[in-house]
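All chains, please: the whole structure from these sequences, using the hints.
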Amino acid sequence: MKLNRLIIGMSFLLASCSTASAPMVPAENGLDAGREFIDACLKGDFERASFFMLDSKENKAILDKIEKEYREKDKEGRQELRTASINIKEVSEPNDSTVLMYHSTSLDTTGKKTIIIKQNNRWLVNLNLTN
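Residue numbers (the working numbering): 122 to 252.
Label-pair restraints from in silico Cβ distances:
1) 217 with 176: 19 to 25 Å
2) 243 with 207: 16 to 22 Å
3) 197 with 242: 39 to 45 Å
4) 207 with 250: 17 to 23 Å
5) 232 with 153: 19 to 25 Å
6) 153 with 177: 19 to 25 Å
Cross-link-like lysine-lysine pairs, in silico, DSBU-like; alpha carbons within 35 Å at most:
7) 178 with 233
8) 233 with 194
9) 196 with 234
Don't read these hints as lab results, they were simulated from the structure. Ideal Cβ placement from N, Cα and C applies to all residues, glycine included.
Here you go:
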């Protein structure tokens with residue numbers, strides 16, 4: 122009887138410790154892709170950021186640099202980034218497959234532009250064109 126309780130207890134413990142995360146879902150539009158990408162970078166989730174980024178050697182190199190800068194921050198600096206908010210100033214759509222998002226964060230009020238393009242029915246950030 123005690124062995125059964127131990128096995129059941131261990132089963133619940135293992136189930137509650139599962140590291141399975143929700144599957145990543147492509148963004149429905151350019152604005153969502155841009156926000157998801159920026160949020161992932163602020164939270165240090167570079168796998169998620171990569172999911173919302175156009176796959177290219179240039180973009181990977183830029184994201185690697187962003188990750189390196191994030192990892193070089195101390196614990197408090199990373200915590201500040203994780204709790205920062207995104208301030209979207211303007212969104213424009215020059216055509217049906219491009220979104221320009223002008224934004225800043227609560228930590229860095231310098232305006233930035235992020236370019237999001239639609240490729241193969243997915244909205245993706247193109248860091249190579251972003252400044």
